[in-house]
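Chemist: Now for the letters of each chain:
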Amino acid sequence: MFYREVGDLKTTYRSDQQVLTITQERYAIFALLAFMYAVVPFIADDFWLNTVIIPALIFSLAALGLNILVGYAGLISLGTGGFMGVGAYACYKLTTIFPDVNIVFHILASGFFAAAVGVLFGLPSLRIKGFYLAVATLASQFFLEWAFGRIAWLYNYNDSGAIDAVNRSLGGFALTEPYGDTKFQYLVTLTIVVFLTLIAINILRGRFGRSWMAIRDMDIAAELIGIRLLPSKLLAFAISSYYCGVAGAMLVFLSLGSAEVESFDILNASFPVLFMVIIGGLGSIIGSFLGAGFIVVLPIIISTVPRFFEIDINSATVEHFRFMIVGALIIFFLIVEPAGLARLWQITREKLRLWPFPN
Amino acid sequence: MTLTKSAVLGVAVGAMLTTSFALNAQAADGHYIPLTTYRTGAFAGSGTPNANGMHDFFTMLNQRDGGIGGVKIIVEECETGYKAQKGVECYEATKGKGALVYNPYSTGITLQLIPKAPIDKIPVLSMGYGLSAAADGEKFPWIFNAPATYWSQASGVIKYIASRNKGDLKGKKIGFTYLDVGYGREPIPLFKALAKKMGFELMLLPVGVKEMQNQASHWLQVRKEKPDYMIIWGWGAMTPTAIKEAAKIRFNMENFIGVWWSGGQVDVRPAGKGAIGYHAMTFHGASTDIPVFKDIIKHVVDGPGKTLTKKAEDVKEIYYMRGVFNAFVVAEAIANAQKITGKKNITGADMRKGLETLNLTPARIKEAGFEGFIDSLKITCKDHAGANKMFVQRWDGKDWKKVSDWIEPMKDLVRPMLEEAAAKYVADKKDWVTQKCS
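Protein chains in written order, with our numbering: chain A, 1 to 359; chain B, 1001 to 1438.
Treat the hints with care, since some could be wrong.
[As the list claims (entries may be wrong)] Calculated pairs, EDC-like style, for lysine to aspartate or glutamate (alpha carbon to alpha carbon, straight line, at most 20 Å): (1) Lys1097/B to Asp312/A; (2) Lys1097/B to Asp46/A; (3) Lys1430/B to Asp100/A; (4) Lys93/A to Asp1428/B; (5) Lys1097/B to Asp45/A; (6) Lys1430/B to Asp181/A; (7) Lys1429/B to Asp181/A; (8) Lys1306/B to Glu310/A; (9) Lys1072/B to Glu310/A; (10) Lys1306/B to Asp312/A; (11) Lys1429/B to Asp100/A; (12) Lys1097/B to Glu310/A; (13) Lys1398/B to Asp1314/B; (14) Lys1248/B to Asp1396/B.
[To be verified] Listed next, the stretches of chain B that the computed footprint assigns to chain A, with coverage defined by at least 3 CB atoms under 8 Å from CB atoms of chain A: (15) 1073-1087; (16) 1177-1190.
Worth flagging that the hints you see were computed from the coordinates, not collected in a lab. The beta carbon of each residue, even a glycine, is placed where N, CA and C say it ideally should be.
All chains, please: the whole structure from these sequences, using the hints.
Modeler: Quick look at the structure:
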């Protein structure tokens, strides 16, 4: 009923190797993209765009970046917040030093700074693995937090110690928060996220992705079949950090408007992104999006529910409930499906493909 | 998971998403005042009385006078946990409902809202906190930080210390311990300038949010370096911890002076007797023996008004009183805006005008029941802080007692610095909205 795969034949190698091999799914994705581009800007108001959808997209990108490292290359990192921060601060420095260069270019370029820092802190990954590596990346997180707070050059010696909003435009329209129109910010965010996701899918399908997965599954075997561990692992750190860095830059310039160290500390960035990856599904691209949606959207929906039904409840109580409900749901989902939301989707999809025949 | 289950789940998620899109903000009928509060987290100790004070004063006005100018006040709280990011979320969630003014109660949130205010045309009143430079009304038309900026206050603290040393601070060592966020870092430029001018040595001791409740190493350093005075810019759990640590190393409490956000009962109580002698700046009295608090207790705390204040005793909290003062300024600005525009229901832009021409004369202060509690307050187009006077209070183990005269900040030093900082803030921002004051 749902899937009609009969007659969906592949006659060329090209069509056999495309990203989505099932025609229906391809159309579904096109339809989803069309919906995201053409419908969402008109039905969602500024609140939903600015506090839910844009952050969800940006965090999806960060989760995707971390997923490359944790899910595909098997290298645990707690330094995501730091790498996002590097992107944000790099973008701020770039755009204040070169104000005439397009901000989107700066956002994409700032990822390279994050990648460089990621490679630097990824060096120990050749020698240490697992929890020990997590501790090493934690050190990078602490160092970067310290740097953002203490090196005044990074925030242009602002007395507030925060990087504040700069007014930059794209194609003649103000883009950066808070100057730009939220719908415009949304479209730019969506475009960057879609573009980078497409690249990530292809990297992961290709030689790099396969070598990372080989390392993840058994590094000695990977080495024996000719994969050089150090360059592969460092490349994983570089690409992962690139994505995190771009996400950090987008977070500041397209969503928050200004940021302090606090936005990139371990509790506000590193852990949530790691949870997104774990709940969404390790080693899954769709999982990164589902996980980010879960962690970003759910708390906000929970806190708007009483407001929606006009229940008179004190905001602190809502906050306490929110913590409890989100915590309970995380545990619930992990018990129901430890492999994450992506696995749930995968099972559903398999069943739908076979439907009405059970397997 | 069976198909039915997943179908149910899918429908549920779909329904949730569609209803959520329908959750459009609707304009509220009345003076809509959103409050970004923090009743949870490590700053709840300071945030809760503050929020209660603001809330109760507005409720009292609704109960006693039927609102302001015949229009009820609608207060909506949004919990931030003192997190700037959450504060922005709250701002986005409430700005579309006709918000008149934001009182962030967090310098971090204020900094985030400063560039947004002119675009959304909603003023920000950061009462005695926030960006000092915003006192320059020509550069920051939408931001108000009356009754005084942090820089004014910093100059006041030093002036007070100097007065205890016959005006001479040469060779003295003054330690400055601060919460290492935008709030605590704000006064540093002024302290540095003063150290240079007056010849004292400044020792900086930042305390990160994570180390807030564990300051043993910081105070060990104080013990080693033996500063003559300590100044603290703490908030939430930081101040009580610092006072306890200071008592532990037997630092002379008479030489320990807090910012006005480190001078509540919640800050000194945990240290018990050890806190006796601790000083703090303030810009209002500590006695609840004035008509307005009696009205709040009568109409709200013990009366029919809805409140989260548990007992009449809680009204005596310094931060509660400050919340009331803050709400009073907002209420007066609303009344002023109604008077100027002749409208009953005002907008954020009207509110800005109301704040900018606010003049709380002694007569008005007496009429409103605040006599003896606050000094007169006048905001002008040029000066959004007013650089008003402040005084020092001392904790005697039971009450806060006024121990200094009203201290005039060093206006001639602070104002040029403020203007310079404001110009610097605006310099690299294209299309920044400024105004010319006649």
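Chemist: Determine for every hint whether it applies to the structure shown.
Modeler: Hints, verified against the model:
{"no.": "1", "hint": "Lys1097/B to Asp312/A", "result": "17 Å, holds"}
{"no.": "2", "hint": "Lys1097/B to Asp46/A", "result": "12 Å, holds"}
{"no.": "3", "hint": "Lys1430/B to Asp100/A", "result": "12 Å, holds"}
{"no.": "4", "hint": "Lys93/A to Asp1428/B", "result": "13 Å, holds"}
{"no.": "5", "hint": "Lys1097/B to Asp45/A", "result": "12 Å, holds"}
{"no.": "6", "hint": "Lys1430/B to Asp181/A", "result": "16 Å, holds"}
{"no.": "7", "hint": "Lys1429/B to Asp181/A", "result": "17 Å, holds"}
{"no.": "8", "hint": "Lys1306/B to Glu310/A", "result": "16 Å, holds"}
{"no.": "9", "hint": "Lys1072/B to Glu310/A", "result": "18 Å, holds"}
{"no.": "10", "hint": "Lys1306/B to Asp312/A", "result": "11 Å, holds"}
{"no.": "11", "hint": "Lys1429/B to Asp100/A", "result": "13 Å, holds"}
{"no.": "12", "hint": "Lys1097/B to Glu310/A", "result": "15 Å, holds"}
{"no.": "13", "hint": "Lys1398/B to Asp1314/B", "result": "14 Å, holds"}
{"no.": "14", "hint": "Lys1248/B to Asp1396/B", "result": "18 Å, holds"}
{"no.": "15", "hint": "1073-1087", "result": "holds (count 7)"}
{"no.": "16", "hint": "1177-1190", "result": "holds (count 7)"}
The structure fails none of the hints (numbered hints given earlier).
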